[in-house]
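A.B. asks: Chain by chain, the residues:
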Amino acid sequence: MSTETGTTHGKSTETMTVREAIREAMREEMQRDEDVFLMGEDVGLFGGVFDVSNGLLEDFGEERVKDTPISEAGFLGAGVGAAATGSRPIVEIMFSDFMGVAMEQTMNQMAKMRYMFGGKTEMPITVRTTEGGGMGAASQHSGTVHTWFAHFPGIIAVAPGTPAAAKGLLKSAIRSDDPVFFFENKMIYEQSGEVPTDPDFTLPIGEANVEREGDDVTVIATQRLVGESLQAAEELDSELSVEVIDLRSLYPLDTETIVDSLEKTGRVIIADESPISYGTHAEVMARLMENGFYSLDAPPERIGVPDTHIPFSPSLEQEVLPSAADVTAAIRRLT
Amino acid sequence: MVSIDIETEDGQKEALRRMMLIRSFDDTAGTLFADGEIPGFVHLYIGEEGVGVGACAALEPDDYITSTHRGHGHCIAKGLEPQSMMAELYGKRDGYCNGKGGSMHIADVDAGMLGANGIVGAGPPLATGAALSAAQKDEDRVALAFFGDGAVAQGQVHEAINLAATWDLPAIFLVENNQFGEGTPVEKQHNLENLSETAEAYDIPGFTIDGMDITAVYEAVQEARERARNGDGPTFIEADTYRFRGHFEGDQQPYREDDDIQEWQSRCPIDSFASRLVDAGVMTDDEVESLRAEVDEEIAAAAEYAQNADEPDPTEAYDDMYAVSVPELTMFAGRSVRADGGSPTNTDQ
Ligand SMILES: Cc1ncc(C[n+]2csc(CCOP(=O)(O)OP(=O)(O)O)c2C)c(N)n1
Ligand SMILES: [Mg+2]
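Chains as they are written, first to last, in UniProt numbering: chain P, 1 to 335; chain H, 1 to 349.
Same shape as in the complex, but just chain H:
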């Protein structure tokens, strides 16, 4: 069964809510980052919500996804909790990775979310591997890799697709073509007109769809999932979309014009889906607005929770390296200048 059935009215409302949740989460994350509350750097998914939510809605709850550096949207679409995500952005102990990962590495393996990823193009091989293990265990699960147009230039992406295609694995390769890889436009990175033509090289089905339209994404992924579960192998989907914000927060964006941004903004996946629901009588304008307010409140509460959550203890830096305990880490931890309140110690002397 799909995760969100967007053929039903309840499903449509839930899909809209998820997209709004992503928008609100990332708007808030952008503001908190600008205020210096969130360390590191953040890549926002604003404008691309239809892709993540449409795709994850069509997957079954047990299916796997792999994500990218621009992963907040994939997480929320897969059903992760905004408050534990926000705590991770703050580097707090209650975050999804206990503060070790941050924005670029949020993961919840139990929920099938195999991680945002700091390495462009690293997700597809992992998805191929998850599909392989599902096939080996004879489980009805598929693995979907989200990756960017820029990632299509990575060798490991192609190796992963070839492997999945050759072995007929239940994988779906979904390119989010947001027209840029950092500051470089897609036409300066690829010779192909449509990235979905990549599929031809591997003799698998390939489609280019409108990524600003959640239902187009939903339908394409649903079909691809059907194919995957029937043993017919992977599908390559290119969703055309756009990021409304800079590559990362703080990006001056010398590489594009305001007009282009505005043109794409006029096709906002949330507004267009909301007005379709209003036109179809599924929701009233007021209901859309109160849903938005509700979502904003939820995200504000998540941010407040994260602000007040506990910092990890510095000694936790030595945890989680290995399944076994190794003496090196114990020795170095004991030598830390911070190990006993700042006075230098050396346990091995």
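The following block holds chain P by itself, in its conformation from the complex:
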């Protein structure tokens, strides 16, 4: 992969939210490289419906922060064409559910062009899109679809769980010569943490991160469930030593870090908000089986959405959305 490897952390850090980290990553990369531009629905004047791109229009103008018509198939496809011809578009798809209308250009153009053309094109496009339930936004605005993209050959898929990961991975995504889908769980925009301020700070795509060390059980988590798993680990701290890993990168997947952890703890839970069957969980589990089967002391567990869509009513939504309580219950079952 042609992604630059991450630099080591700069000396200074700043506390910022995931939202700010994403905004800063875009701002820094747009300053660094004038081929980078952002387009999507209401990303300019409105600042993005989740306020993520607020201020970028003022800094970079309408040529580089482009409000589009409501035409995902058209402007995502235009991003593919622009990327094939020397630009570095960041395309925002407001909700990942709307990828339904933009799949053709993703599956058959973006993902395949380099290979089909015998390696003669680059595809430096970044698609930022939101995922996840928890807002009472119902089935068409709450999906977690990243498995589809991680599954599709030719696409890189990342899904950060912390502000630092969000910033470092987005910068790497923008610099990558491959197409990267960057999945933002909309419930963690307000989550804050320490983020390096060095404009050269990036994180390598393809590396997971051990967020908390432990010996008894490993939770391999993504996105919102990283925080939920850390909370579960804290609550169990007096009884059990729980290791929590932010998977960060879905494809390529960091087999080494997760297998190392399995070898240490012998017990694994995979917590990811995609629907359980045929999900991201299954691939992580397969890697563990293939590479660490004899280290398993118990069958691994999957935590995810129980193969339903996300219902509107809060009492139903809560039922299907995994949380710290589900992680705790799984840890109890395994230990």
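It should be emphasised that the hints constitute simulated quantities derived from the structure, not laboratory data.
Where hints are given, some of them may not hold.
Cβ pair distances, simulated, as ranges [stated by the list, open to error]:
| # | chain 1 | residue 1 | chain 2 | residue 2 | range |
| --- | --- | --- | --- | --- | --- |
| 1 | H | Q253 | P | K11 | 40 to 46 Å |
| 2 | P | L45 | H | E289 | 38 to 44 Å |
| 3 | P | Q231 | H | E60 | 55 to 61 Å |
| 4 | P | Y278 | H | D320 | 19 to 25 Å |
| 5 | H | E304 | P | Q231 | 34 to 40 Å |
| 6 | P | P252 | H | A201 | 41 to 47 Å |
| 7 | H | D320 | P | P252 | 36 to 42 Å |
| 8 | P | K11 | H | N308 | 55 to 61 Å |
| 9 | H | N308 | P | E239 | 40 to 46 Å |
Calculated from the model, a selection of chain H residues having no Cβ within reach of chain P, i.e. all distances over 12 Å [what the hints assert, rightly or not]:
| # | residue |
| --- | --- |
| 10 | R141 |
| 11 | N194 |
| 12 | F207 |
| 13 | Q222 |
| 14 | R276 |
Derived, one-sided and incomplete: chain H residues facing chain P with beta-carbon distance under 7 Å [stated by the list, open to error]:
| # | residue |
| --- | --- |
| 15 | V120 |
| 16 | G155 |
| 17 | T184 |
| 18 | E311 |
| 19 | P314 |
Positions of the beta carbon are idealized from the N, C-alpha and C atoms, including for glycine.
Based on these hints, arrange chain H with the ligands on the given structure of chain P.
C.D. replies: Just chain H with the ligands, lined up with the frame of chain P:
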């Protein structure tokens, strides 16, 4: 026969009442949302009532409509019950979708209401499909798709129109041009002066009408319906209108001026129709006011009903996925941390 005959005095009063019902429903929904009573987000139809009521009045009761994220008005115009709608906004079991859909997905397929829709531009293909099934079954039914100016930028909208036009299907494509798609003005989304010029590309009739005037909408849809039922294919209607509220409740609206809102408010479809009825001697001012009070009471009762209605049981989250029962859902339901009062269980271990 039309759903509401607005050439008669009774029909005119009923049309006015429907518009007031929508206004009151959405005013109330906005307040309840601001109070944190209604979860998720709501998109209000306030200001656009003349379009929904005018169009649905001209349809026959068996006709189909497809709707949008801004769907409350279409529902009421099609005759859905405010109390079951309000219950749905609250996520209650008695709502139109048993709490699974919420504001953006209210549907009543038996009433010909094929659903509000969270995906911009997704309605027109469904309307083309409903028109296709009506044509195949030789039923005298048409399908009308409501969609926004923003949706006209979606590829699937154009594919749906082309299909209906090519197959002469009994469909009506009705654009509610409220001048904005979210925060982006219509002229930044389209190169056309009038969106109805779209019709030319498909060689079907296209009109731009005043969507603040319920009778203009009624007449245009009545004509389009006549054409559709005679086998002459679809019509494209653009109704110029305006949303008086933000895109969604809570929208700070940095993209428009108060003056513009006030100018359009002075053309309120309800007030202007009411004063026409008063001028024509159909109603007195007092009757208009007491109708308004009556409608407000009905909506207040609907809200109270919804507040007191039952929450769905969490286990209902696993219902309605498939026509058949699948073992996966049973297995996962049993594994829920909430399955037996909070203590973790795992049925398959
Ligand atoms: C495919 C898709 N893209 C984007 C959105 C987000 N979105 C919801 S409403 C809206 C604006 C729609 O504008 P318009 O069609 O004019 O309808 P209006 O809101 O003005 O009634 C947008 C962009 C969506 N729901 N679906
Ligand atoms: Mg609009």
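A.B. asks: Hint by hint, which ones does the structure fall short of?
C.D. replies: none
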